[in-house]
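Asks: Chains A and B, in that order, are what the protein sequence lines are. All residue numbers for the first sequence refer to my numbering, where the first residue is 1 and numbers rise by one. All residue numbers for the second sequence refer to my numbering, where the first residue is 1 and numbers rise by one.
For the record, the hints were derived by calculation from the structure and aren't laboratory data.
Restraint-style ranges between C-beta atoms, simulated for each label pair: (1) 316/B with 51/A: 48 to 56 Å; (2) 64/A with 212/B: 27 to 35 Å; (3) 119/A with 359/B: 46 to 54 Å; (4) 167/A with 367/B: 50 to 58 Å; (5) 99/B with 54/A: 17 to 25 Å; (6) 359/B with 65/A: 46 to 54 Å; (7) 51/A with 332/B: 53 to 61 Å.
Quick caveat: nothing in here was measured; it's all calculated off a predicted structure. Note that CB positions come from ideal geometry on N, CA and C, so glycine has one too.
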Amino acid sequence: MNQKGIIGIFTTDWQMSDAIKRLREKNIPVTDAVTPFPAHGIMKQLGKESRLPFFSLAAGTGTIILVFAFLYYIAVIDYPIIYGGKPFFAFPTFVIIIYMLTILLTFILTVLAFQARTGLFPGKEIDDPVHRAGDERYIGGMTDDRFMVALGGEEGLSGEMHESASTILRESGAKEILEIKRS
Amino acid sequence: MDTTSAGAPLIEGKMSYRQVTDTLSGTVERKPAKWWYAGMTLSTLAVLFGLWAMYTTVTVGLGTWGLNNSTAWGWDIINFVWWIGIGHAGTAFTIFLIVFRAKWAAAINRTAEAMTVFAVMCAGLFPLIHLGRLWLVFFIAPYPNTRGPLWVGYNSPLFWDVLAITTYLLLSVTLWYFGMIPDLATMRDRAKTKLSRTIYGFFSMGWIGSVRNWMRYEALTKILAGLAAPLVVSVHTIVSLNFAVSVIPGWHTTILPPYFFVGAIFSGFAMVLTIMILIRKAFPLTSFITMGHLNSISRVLIFGSMVIGLAYATELFIAWYSGVEYEMFTFFKSRATGRYATTFWIMVVCNAIIPQLLWFRKIRHSIGWLLAISIIINIGMWYERYVILISSLAQDFLPSSWVTFTPTIVDIGIYVGTFGIFFTGMLLFIRAIPMIAIFEVKDLAGEKREDHKPDEDKTEKT
Numbered sequence: 001m002n003q004k005g006i007i008g009i010f011t012t013d014w015q016m017s018d019a020i021k022r023l024r025e026k027n028i029p030v031t032d033a034v035t036p037f038p039a040h041g042i043m044k045q046l047g048k049e050s051r052l053p054f055f056s057l058a059a060g061t062g063t064i065i066l067v068f069a070f071l072y073y074i075a076v077i078d079y080p081i082i083y084g085g086k087p088f089f090a091f092p093t094f095v096i097i098i099y100m101l102t103i104l105l106t107f108i109l110t111v112l113a114f115q116a117r118t119g120l121f122p123g124k125e126i127d128d129p130v131h132r133a134g135d136e137r138y139i140g141g142m143t144d145d146r147f148m149v150a151l152g153g154e155e156g157l158s159g160e161m162h163e164s165a166s167t168i169l170r171e172s173g174a175k176e177i178l179e180i181k182r183s
Numbered sequence: 001m002d003t004t005s006a007g008a009p010l011i012e013g014k015m016s017y018r019q020v021t022d023t024l025s026g027t028v029e030r031k032p033a034k035w036w037y038a039g040m041t042l043s044t045l046a047v048l049f050g051l052w053a054m055y056t057t058v059t060v061g062l063g064t065w066g067l068n069n070s071t072a073w074g075w076d077i078i079n080f081v082w083w084i085g086i087g088h089a090g091t092a093f094t095i096f097l098i099v100f101r102a103k104w105a106a107a108i109n110r111t112a113e114a115m116t117v118f119a120v121m122c123a124g125l126f127p128l129i130h131l132g133r134l135w136l137v138f139f140i141a142p143y144p145n146t147r148g149p150l151w152v153g154y155n156s157p158l159f160w161d162v163l164a165i166t167t168y169l170l171l172s173v174t175l176w177y178f179g180m181i182p183d184l185a186t187m188r189d190r191a192k193t194k195l196s197r198t199i200y201g202f203f204s205m206g207w208i209g210s211v212r213n214w215m216r217y218e219a220l221t222k223i224l225a226g227l228a229a230p231l232v233v234s235v236h237t238i239v240s241l242n243f244a245v246s247v248i249p250g251w252h253t254t255i256l257p258p259y260f261f262v263g264a265i266f267s268g269f270a271m272v273l274t275i276m277i278l279i280r281k282a283f284p285l286t287s288f289i290t291m292g293h294l295n296s297i298s299r300v301l302i303f304g305s306m307v308i309g310l311a312y313a314t315e316l317f318i319a320w321y322s323g324v325e326y327e328m329f330t331f332f333k334s335r336a337t338g339r340y341a342t343t344f345w346i347m348v349v350c351n352a353i354i355p356q357l358l359w360f361r362k363i364r365h366s367i368g369w370l371l372a373i374s375i376i377i378n379i380g381m382w383y384e385r386y387v388i389l390i391s392s393l394a395q396d397f398l399p400s401s402w403v404t405f406t407p408t409i410v411d412i413g414i415y416v417g418t419f420g421i422f423f424t425g426m427l428l429f430i431r432a433i434p435m436i437a438i439f440e441v442k443d444l445a446g447e448k449r450e451d452h453k454p455d456e457d458k459t460e461k462t
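Using the sequences and the accompanying hints, generate a full structural model.
Replies: This is the structure in structure tokens:
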């Protein structure tokens, strides 16, 4: 089989957005898109809504319960001590600690979840379509002023699709079309 | 068109993406100017002075400070509150940018956050060293221990404060760092030497800007900013509770939390204005940090100044209205007309009166005036904390326990040292990291659909 994936390189986000719209109409699989800034039009077309907020909500709720239980354990069970005749379970003094620790633990858990989902961690190697295409000229463009859309992915595109994809990319204003070499 | 709140454009002139990248990373890539080395030398000297003072404090003891039985809190807590206040602006800008989507904050956000990080570090130093026995600081950690087993004083504002500052420092460092990952990736891809490529590569976490990661990234920054929003309000509120929960006249008032909070935002924005003016002078970034930006910050300052003025008046009014003789003494005798009258009136003039000049358009558009006013505000804010702390402590209920407070060279040394830490940090920051978020600005630049053959394009704008 001689199927190859291709990469279209654009200089504006809206041209790439148009291309993606037309590619989708032709059922050509769009594997990935790489942009130098969060281009919201393309994000809306390709991305799935992140579930991170739900994770944060769950983490926050869990933390509130845990911190409350911990404070209750300290104040009422483990070391009951009378401060100025107030009850052991004096909720108002708990509020600020619960508030602070909820923020602290929720943000730490959220960051960890983000790193787990994206696989980003300090020291990670770069892995992107352009490097895979092996074209030195465009490395670095994706964090500067180039918008790239990768089509076909691992399987590549069949001859017919390959042709129509190239046409669409060219018509929408792609500056260059690269072929992903397969190892 | 995207504009600042004052109506000026966010970027002056039309720029391509490449121009934005080149200009903004240029501040890092060029060799530093002479003033940078001069600044580094000065701030290193200040750090050394501070280190000496801290060494003296730790080895000799708190007796080297100007404290005494009545004024148990002196310059340490004044400076702590002052720095923490300055730190608030960075997070406030993050919230403007990410939560309220105020695009004008994009150009200022990262520098303001850097300011937050270094200011909070300076602030955090004071509670640590004023423990005296610094090495026992782990007592504050709640864990089952052999000291009783005793738990920490979880219903003490001092403990809340430790939690608040720690959380604030960690969260602002995280926001700052995650906010620059895409730009670190840009720097990695532009790096000329292997060393800088490795360092930027390590910290950029292999970022390439794939759309899926951008989605998650935006979700993450939104959540972090959302979590930081209540922190901005609560950190200085909790600092104020250190005072307001006590029974000392002049501290024991319910206006203290909002008063401290607005004071923090006020002094923080003043510091942002000072630093932005200096950066604008030192680097060719006038098309990104426009007069419109400075104008917007000065409008926030007018608002802050009026609220602060109102808070001062309210304090005086409540002292009179309460009819408590100690309150009357502290506010009207000690502060307004007595021993602390000079400091009190410096505070009022610097914070509530001079910033009113910003009502004039001419002054808002004069760099010299803005710089002067922004510095005057922070001097005033320092005096505010001085008045609150020293006047209340030095002249309390019993005239027999009245004292005067004079700072020693060690007090001064630590304060100067924190300036050293702050400016060393800021100078290193502007050398190593693009100080304006490149990817945020790119959103505002480049060729837009409306610039390009509008007649032929009928597809929906994205």
